[in-house]
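Going down the list, the protein sequences come from chains A and B. If you read the first sequence in our numbering, its first letter stands for residue 1, the second for the next number, and so on. If you read the second sequence in our numbering, its first letter stands for residue 1, the second for the next number, and so on.
No lab work stands behind these hints, which were simulated from the structure alone. Careful, some of the hints might be misleading.
Once the Cα atoms are required to be at most 20 Å apart in a straight line, the calculated SDA-like pairs of lysine to any residue come out as [unchecked claim]:
hint : chain 1 : residue 1 : chain 2 : residue 2
1    : A       : K42       : B       : G48
2    : A       : K208      : B       : A17
3    : A       : K222      : B       : A17
4    : B       : K34       : A       : G207
5    : B       : K34       : A       : G209
6    : A       : K188      : A       : A132
7    : A       : K222      : B       : F595
8    : B       : K504      : B       : A415
9    : A       : K222      : B       : G48
10   : A       : K42       : B       : K504
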Amino acid sequence: MSQPRHSGEQSSGTHSSGRNRTVRDVVFVDGVRTPFGRAGEKGIYAGTRADDLVVKCIRELMRRNPSLPADRIDEVAVAATTQTGDQGLTIGRTAALLAGLPRTVPGFAVDRMCAGAMTAVTTTASGIAFGAYDVVIAGGVEHMGNHPMGEGADPNPRFMSERLVDPAALNMGNTAENLHDRFPAITKDRTDAYAVASQDKLAAAYGKGQIQPDLVPVATMKPGQGWTVNTVDEPPRPGTSLEDLAALRTPFRPHGRVTAGNAAGLNDGATAALLASAEAAAELGLPVKMRLVSYAFAGVEPEVMGIGPVPATEKALKNAGLDISDIGLFEINEAFAVQVLSFLDHFGIADDDPRVNRYGGAIAVGHPLASSGVRLMNQLARQFEEDPSVRFGMTTMCIGLGMGATVIWENPRHSEYTDYSGAVSPADDTASTDPAITQTEGAAA
Amino acid sequence: MSAADFRKLADLFPDEAVTHSYVQDIELPAAAGKPSPGTFALITLDNGFDHSKPTTLGPNTLVELGTVLEGLKDRAARGEIVGVGVTGKPYYLVAGADLSAVKSLNHRDHGLWMAQLGHDVYATLANLGVPSFAFINGVALGGGLEIALQSTYRTVSTGAGALALPEAFLGLVPGWGGVYILPRLIGPENAVKVMIENPLSNNRTLTGPQAFSLGIADAMFEPADFVEQSLAWAADVISGEVAPKRPNAVEPSDPEVAGRWTAAVAAGRAFVEAKTSNASPAPAEVLDIMEANRTMSQTESAALECETLAGLMQTDEFRSTVYAFLDLVQKRSKRPAGAPDRKLARPVTKVGVVGAGLMASQLALLFARQLKVPVVMTDIDQDRVDKGVGYVHAEVDKMLAKKRLSADAANRTKALVTGSVSKAAFADADFVIEAVFEELNVKKQVFAEVEAIVSPECILATNTSSLSVTAMAEDLKHPERLVGFHFFNPVAVMPLLEIVRAPKTDDAVLATAFELAKGLKKTAVLVKDAAAFVVNRILLRLMGEVTAAFDEGTPADVADNALRTMGLPMTPFTLGAMVGLPVAQHVQESLHAAFGDRFSVSQNLQKLIDNGVKSIWALQNGVPEKGPDGKPFIPADTLALLSFGTSPSTGEEVLRRTQDALAEEIGLMLEEGVVAGPEDIDLCMILGAGWPMFLGGITPYLDRVGASERVNGRKFLAPGVASAAVPA
């Protein structure tokens, strides 16, 4: 088994600042999300604001981590694909203010479509590694009921006139059909079977109470109904059978393969995670659920955007000095079953490999675009907790306009995990400038 | 009984804006590692409108709530639910009983049903067989707060405002259990504060944190996730994880508590006497019930509460209060009668104040604070100007010290107020108001000077209290720009502004004046240019009658206390001293000049003024000093200045004479068209003189005591406006 390259090795002697700078370890402290809803007038979040969903997540994170003083949060990065209305106004900052965080806590908005929250995590994590932040909140939201996909978009006509991107590639369903064309071995039977398994795995995870601990209850009030509290996801259709799926129409092509049943739906929801430097986590007594190993983003042809996770994963593995065989758990976003299967086929992983999406995926639970990245992390963190035999796990997802994102994480419960932060002198606030702290070579041998 | 038995009452109100009771079953969150405590039924009270239409409790609303609660009681008995919660639409739990509906209950029996209906519904809430919870998310007034009090447990939002039992102010009692539960829950002293002192102190209310610290609520959560956290807390209470503590709660049978109870009631009675002279029956009845129910069961108290409510609902003090509070202060004040279309209003971006004396400085501060536009004050020399600007800056510093202004806002306000010895500083002003000496020629000269400098559109305003605005406009090049803008002292506190239209005042000027009043957060009433306008004319007619009786030989304490049953904020002699005898005399002379002997100018008062005496009564710190017998007295050297006639009156005679004089004067004012109607007179007296709402301002009182009919042959207001719709 190969060994990961640790961040400490990347410390370099010379920076523009003229002083020695080390790269610090970044840990995933905690993550929560709202229950996901079905977008539209009948959905649980019809009439509820997107920013309020983010606020619930931030407040829940603060409640769950009482040892964290709110004024120690250095940044609030919140992603949304459509940044207007209740998702506009620099939602990271507005959500921080609405959540009651001190006014000294800054925030910003992130957009990388489906990988918004994932990008919020990697961007702020980089800031932590660089030493700009100690503790951050990163998350995402998409209220697709309030903001239908592509709302207000104004694609440049050059996309079409210069054939830069097939206009059909702006519709994600079409790109999924394109992926079927490219990989004829991925049949509708396979994608439907995968989708049924996703529903079954999510139902099982709910049955075992593996999903609920990271959900934030959200109270909503609708006209003529009064207040209620939403504590479970609305999208899942447990008990879905192959026959049920076979009966669904293929909206993107006549006699096509992609259906509402083997793709994620249109959803509302929000997520948020707490990240910290290893030192800050130790200093503040914050739990470490995962450690960031590496991440990568990659571009592919927009017409087959679903293949994006493949090059992103290869890049992230290379950055980490790991092989795909080192990854013991995969949390891959299920925008479309075909996109997951193209990934699995590429890496020679079976459709029903138990390392993949143990709690099911977005086909069952839903995919409120920019929020989903942190959901994958929450679930991977919980699986790490359940399974200390796994050392490395991966969260990965495809992204509209032809991209992929992959983040590799390490399980602190694994026997070979070394708690680098153990070297920190707790009383010494300037410790982070000491290169010795993150000198980790050999530590994991 | 069940709520449905009150359908007969509900059917009397087919047009009620019903607040519905929507129920949602909620699976309570589980504590870590434990199963959910069970299903919780959450009732949301919602009238389907946004926050601009408060939810209220009318008979149909209560029948629906009661029926829903009875259904939940059955479900609790079947073991289907483990708790019941009540909360409201955003910003409201419930704003209390539907006062318009209650006011229109003209039969004692109907009032009794209404009282009993509330008790019937709330008793179900209190005896569901499972714990009940109120989640006080916002406004909770009267019967709204009593829903919470009748619940087993309460949470409150830190963002909730306007929590109160205002019944004593309204002319009722907190008779849906509040008067029984509150003293037991938060202690008798706090209960008297909430049920008596706050209502009678400008109807003060509590914030969520204040209610929590008094012990009205068991837990407090922030608004961002108030419902979620309240439910989580309810789950913990039901599962036994949390046991609320109530440090202020008392056991009435405890002898020590009995002593505190008696003392609190006595303190409350003293407070009521000082504030209202017991002119309205309700506050004393609140204390009567509280005193009696210390040894009662809740059921016994409920019967007493219902009987008391039924009686009070038929009083004209209650009806007058609803008229004054709802129809005038809340509604009429927002749509001033006779105000031109607001679209005609012009922007005011700079204000000039002529004069830098105390009144002028108060005006400058008000304009700068509320309008946030530059304000320039002028006076005849630099010293006066500096003193005026210095006053404003010092007042701003005081507000800063009290944290009523931020440092930035204080800087901004101070920078807005400047002074000059030259009226040239008014050149780019849109509105110039004078607050110089009350002398027509002085004011005319000031306006002539200002008019030479300002633009033709600049509005000129006078703060005169007694001079003719018409005469002031006579020699102006643009008489259409002059308007009366009469504030009341202290300017920052008194909410009334009399806007005086002179014959040539044009609509754009008037519209601007009304918009300006709104910007200044004042309630404006349009008045015709007639001597002393509304408030001062009525006050001085009243003071003139009492002083005349005194001059005729009525003993001072008889004359000065003759109007006690009206419950006015202060006696006539105290008012005279507060206004200043020379100022009062000056206005009285103007009124005498305008209207003749109806306004008698007292020679006795003139002697006091000539000798520099500031008050008939001996004063101590501005209030009448108490003599050895505990009563105010006239110092010997003051008495030596006075001479009296030989026809003393009794207190009753002085009261009747004053009532008749007021009825006459108001009748004449309405004939002259000084205001649009008696409602404007009442609004002026409530907001400009602080006259009590149980008088309805003044005309409902004069109708009630028969003065209107004695003098004018008819009542001011139609039956039902501030009295029973059908004469009993």
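Here is what the structure says about each hint:
no. : hint              : result
1   : A:K42 <-> B:G48   : holds, 18 Å
2   : A:K208 <-> B:A17  : violated, 48 Å
3   : A:K222 <-> B:A17  : holds, 19 Å
4   : B:K34 <-> A:G207  : holds, 15 Å
5   : B:K34 <-> A:G209  : holds, 12 Å
6   : A:K188 <-> A:A132 : violated, 48 Å
7   : A:K222 <-> B:F595 : violated, 63 Å
8   : B:K504 <-> B:A415 : violated, 36 Å
9   : A:K222 <-> B:G48  : holds, 10 Å
10  : A:K42 <-> B:K504  : violated, 61 Å
Going through the hint list in order, the structure does not satisfy hints 2, 6, 7, 8, 10.
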